[in-house]
Amino acid sequence: MTTFGDRSVSRRDVLRYGAVGVAAIAAGGVPGVSSAARKTLRRSSVTRGGTLNFARSIAPTTLDPANTIIAGDIYTLDKIFEPLYITSPAGKLTPWLATGYTVSKDLKTYTFNLRQGVKFSDGKPLTPADVVFSIDRARTDKKGPLSFLDFAITSLEAKGSSQVVAHLSAPWAPFISDISAFCNSIMPANFGGATESAFFQNPIGTGPFTTTGFKPNAASITLMKNPSYWQAGKPYLDAVDFKFVDDDNQRLLQIKGSQVDAIDLVPPSQVSALKSDSSLKVSLWPSWQVDLLVMNEKLPQFADRYVRRAINQAIDRNALVSAASFGTAKPGGSFFPPSLQYYWAGTPTLAYSVSAAKATLAKSKYPNGFSTELLIDGGVQKWQTFAQIIQQQLKAIGINVKLRPLDHASFESAFQKFDYDMFIDYAINDISDPDEMASFELDYHNGGSNSYWSSYNSPPVTSLVHAAQSEFNPAKRAKLYAKIQAAVAQDAPFVPLDYPPYIYATSTKLNGFAVNPGGAYRLENVWLA
Amino acid sequence: MSLTVDLTEPFVPTSGSGFWRRALKSRSLVAGTIIIGLIALAAVLAPVISPYPPDQQDLFHVLGGFSSRHLLGTDELGRDELSRLTYAARTDLKVGFLAIVFPFLFGTFIGTVAGYYGGILDTITMRIVEVVMAFPFYVLVIGLVFIVGTGVRGIYIAFAVADWVVYARAVRSTTLVVRELDYIAAARAGGLSDLRILGRHVLPNTITQGIVYAMSDIVLVIVAVVTLGYLGLGVQPPTADWGAMISSGQDFLTTKWTLSTFPGIAVAVTALGLSLIGDGLSDVLRPS
Amino acid sequence: METALAVEDLTVTVARPSGRFRAVDGISFEVAKGRALGLVGESGSGKSLTLRAIMSLLPAAARMDAGVVRLKGTELPHAVRDVRKALRGRMAMIFQDPLSALDPLQPVGAQIAEVPRRVLGLSKRRSWERAIELLRLVGIPDPARRARAYPHQLSGGMRQRVVIAIALAAEPSVLLCDEPTTALDVTVQAQVLELLEDLRARLELAIVFVSHDLAVVRQLCEDVCVMYTGRIVETGPTPEVLAHPLHPYTLGLLDAIVDLDHPVAAPEPIPGALPDLEQIPGGCSFHPRCFLATEECATAVPPLAEIVNAPPSHRSACIHSDRLRAG
Amino acid sequence: MLRYAARRLAAAVVVILGVTCVTFLLLHVEPGDPARAILGEHATPQAIQALRRQWGLDASLGSQFTRFIGDLARGNLGRSFVDQTSTSSLIAARIGQTAALVAIAAVFAVLITVPLASAAAIRKDRLADHVVRALSVVGLGLPAFWFGIVMIEVFSLQLGLFPVGGWGSSFESHLRGLILPGLTAALAIVPVLIRSLRVGIVEVLEAEFVATLRSKGLGELRVLMHVMRNALIPTLTLLGVNIAYLIGSTVIVERVFDLNGIGSLLLTGISQRDFPVVQAVTFVLAIGVVLVNLATDLLVAWLDPRIRLG
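Chains as they are written, first to last, in this note's numbering: chain A, -15 to 513; chain B, 5 to 292; chain C, 436 to 762; chain D, 2 to 311.
Just so you know, these hints were derived from the structure itself, not from any lab.
Among the hints, erroneous ones may be present.
Computed, partial: chain A to chain D, Cβ under 8 Å [unchecked claim]:
#, residue
1, 229
2, 237
3, 241
Taking lysine-lysine and the PhoX-like style, the derived pairs with C-alpha atoms no more than 25 Å apart in a straight line are [as the list claims (entries may be wrong)]:
#, chain 1, residue 1, chain 2, residue 2
4, A, 460, A, 76
5, A, 282, A, 379
6, B, 29, D, 125
7, A, 89, A, 265
8, A, 349, A, 386
9, A, 386, B, 29
Each residue gets a CB set at the ideal place from its N, CA and C atoms; glycine is no exception.
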């Protein structure tokens, strides 16, 4: 039996790319991960108390971790519920409600040691039964969009008063990373006796904050300090007020007008202007994010590989990034972001060339182009700019694009119902292992989203994805993912547009704020000066 | 439109002889005509005088300042601001004028007929007018655009439904006055057909009132189109329109304020020109 | 006879887009205590502006450019504010349309009482009693009840009586009347005229009475001035002027009215129309419409002068008046 | 007065009936239908049919109308497709903000209009008049949201006097938070009000009774009091007539200032294609307009003896 405290070995690649990202950003004069991390360590002069006012773009619709992949939900519920492992701001897997695990020789049985002294917000202690209940719930809920992450688990059992044993059907390389996903967060067994719907209105978790009377799509939500939190002395804040403002501009105004202490999704165009404001801090965090143009293969024109390739060739990603991201992002190539483990810089992507695109389109069933619609989240400035650029560039090869801007909720529900021709959205790998992104975007049957709702279904690619899941040798895994990336670049189910950082603006009063590459930020270390 | 401008007292316009003489003497009419004439000329000649196509992007030169290549700079997609402004004049003037054609014709007709015949026809018409007017203008227009779809077509339909009532109401009250004039009474007594009286004697009087109101109405239509553009319900990109330009330029208010200010000024100047024409016309047509 | 009001060389100009134009052009007249002077002319002849200039109630576009107004020999100041103060309790005015002359939102009693209360400084109760007295004075039956009525609830004649009561409230010695009967029915007209005559006699008022109606002027006024394009073209004792007009314009006015007592001919309108302010002809401004006009008429403005063979008080501004006298 | 009020009330009832019919039809004139709009273009006919049945859209128009009226009578404005709660509760939770905004905007509109219009009327054809008229013409051409953006930039960001948006949590913060939005909404109708009221005051000033007041020997201040009282009536009437436009503008103003009134509920409903919400908000706003019009008419009647006693 081999014991792993932390699989930091395999994190090296991430750190390297992360460092590249940080270096690039630091060159632009923006505080990056390292300085923020240093600040967190300097704890001597922490101010306690106060309410953090945080304006976010998307209101949560549910607090159920197992039934969402929407940022508005995730970044709210992860303050209330916690998993056994988490991803640190540096992108490292960090033991959280578990202190470590052992794994059997056949790599099919994992035994987790639970952290002692962890209590739920109702004061009851965390037990192995709670862990078994929560992960069983997440993995068996077929409607859960991320239940595929727990695909390998065959059963879970409580062992003694502080251990949980997981049995896998086969060796599963991303396992601990999967366990760190928010969907595997821990809640009291049987919802502490409440009904499921009542529980998620008044949730009980081990996280630093709690809330009561949750309503979906509210204009704001208040999280209160969890007095029983297991990290002594934390959280520093008394409360967090999340305000949901879907309009980019209004959010900017609120931070400029000091009405809030932090905002998310700062438009790249505003970064330089905000930097000149001495009462504000703009921070760019390296991400496992790629912005994608997704094409609906249920429609005959996008089922045509030539059309998809032509579109990939027609979109000038260098120009797009130059115009729309103001130096904050890198142009898209592979569907894996460069910071993600196993990204292959040598991926043979389709280069921008209008004449090549025309030639490709000529080979398709639509040699003279066609008219189509591009669905976007209309509240986000960046998508509007992207959409107008794409509209213009596709016009050059005879594809006439009509824009269809919707508000965030309608946008999400439209593409999830396949009610779209093309749409632009971001894809984030929430956890440290790239399998999530590979499965989610490529595994039509088991990836939880019919290949990001594109309906792309390539059996050879899918089998490569499956092979990578059970491959523990990093070098061999890297090769598998390189093959996947090459195949996807040629099949062109998406256009990877760019790799942006997460951009936040915070007041200078705010300390200890850090975002991990999966886009999650924890607030127990945050304090207001 | 449910904004009510100076329409409380109906007036009987005078037309015919001396109109042009008085028109030329009206300073506001002449000034307004020159302003709108110039804007319309720029709009019509947009393809000739614009240095660039309005949607030609130069993604490596976005948010450019004033230069000899781009007199008014470039926008967030590197498009030439001057070209977009002139093309936007084309869009907005066209939409503004076309959107009021139906309300103007239909409202004037209905108002004249209801006022002339009176009775049950008048009562029913006025009740319908009141019902339509009960819906706040923007609520009605936004709702209608939502139902029939965004874009120019939605704007036309929405204005057709919402805007005719103002013309109908104003023209009706004028008709009530005109109807009582001696020469109309004489014409009726003389056995002229209603159709002939309406066509030859009443309409020529009421239609001028409609025209005067139409001038300020075009302003309100353009403002409404601009507002719909702000809400994302108006003219759809990449078509240049002042409203969309104002609202997308709003994102760069602190870094490049000209992007939303120039189209704003364009709207204001157009409004000024049309209002001057409206004021001037009502002075000229209103007997002193 | 004591002169109550004297006006000398009064000139009023009006602003038009193309410049300032003389609407009242250097007119002079006087009225004695207890007497009435009629000011007659077509609308647009400047007669109403004359009254408003005296009261300093000119509209914004008009301005009094020259002239002196004397009340019982004292010259009125020029600043509008000072004039109003100086006029208090000495001169008052009544208007053509009694409905629009009254504040629609106040009971008539309150509108009358406002004068003793605010101008004379009487107590609230005393002012109200005074208002009722005044209503009784102008012949309104049941004045205590009517005092509480709003203007729209009264008949036209009643309203004009109220307007007169307001004018009399401050006990003026001069009363300016701007076509006070024009908007009224014929029978009511007669009653109002009777009232004015009666008040004049009782209160020894000096009255300036503006009208376009010669018949009304004949009934009330001892003297008359005929105005055309801002000038007095003929003046004299009313019976004398009406019987022997010495200006072709006066003659035209007389011809234009139907004489109910002697219906001999159809009324004969003066050819042409009163010229617009901006296009007043040079010389005698009436010459383009005048059947007596000669070339000479177009060269110089004829002065208002005594006429041979006519009483000295009867003066005319026509160089051909002798031909009227003869004819 | 009673007879006038009764007549006016009867007319309002007729208009409300009309408003009800129009609101009902709003859901039914849609090309295609709401079920398709919700489910999207690629939905199966079976799914659409099921949803239509669920919402009762498959019944005849007549029976749907009967049910709609019946529901209305019980205060039931329908259920939100998205939130699955009653639209009346959604509206009830937000109508306060909108009502407060409209009220403050109306007050601002009067506070801005009356002095400017009076100044222009009193100094007619002089510099002040020309300036006010020119401003109102330019103002007519500037969209409300533009005013809002500029005011946020100046008063909130540069001067820091007011919040950039939001409703706040205390009465004082509500009030502070409503000042800029109220001003913005007011400015949307002020140009029109100024133009009309200026004409109204000029008419009052040129009215003979003002000459009477002056010839009575009253001081200018006293005269002005009479004039103002008389000008109040057209001002109120105008405000009543334009209140619909004002209420409509608050929809946009709420968006600019991030207020959560029923205007933003309407916009959310529209972007989420939540028909019952759109329908209910439209209905409530239209009824609001009818009631405000009725109230101003009755107030004017009470102030004006010509109507009160006529």
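Cross-check of the supplied hints:
{"no.": "1", "hint": "229", "in the structure": "holds, 6 Å"}
{"no.": "2", "hint": "237", "in the structure": "holds, 4 Å"}
{"no.": "3", "hint": "241", "in the structure": "holds, 4 Å"}
{"no.": "4", "hint": "460(A) / 76(A)", "in the structure": "holds, 21 Å"}
{"no.": "5", "hint": "282(A) / 379(A)", "in the structure": "holds, 22 Å"}
{"no.": "6", "hint": "29(B) / 125(D)", "in the structure": "holds, 20 Å"}
{"no.": "7", "hint": "89(A) / 265(A)", "in the structure": "violated, 49 Å"}
{"no.": "8", "hint": "349(A) / 386(A)", "in the structure": "holds, 21 Å"}
{"no.": "9", "hint": "386(A) / 29(B)", "in the structure": "violated, 49 Å"}
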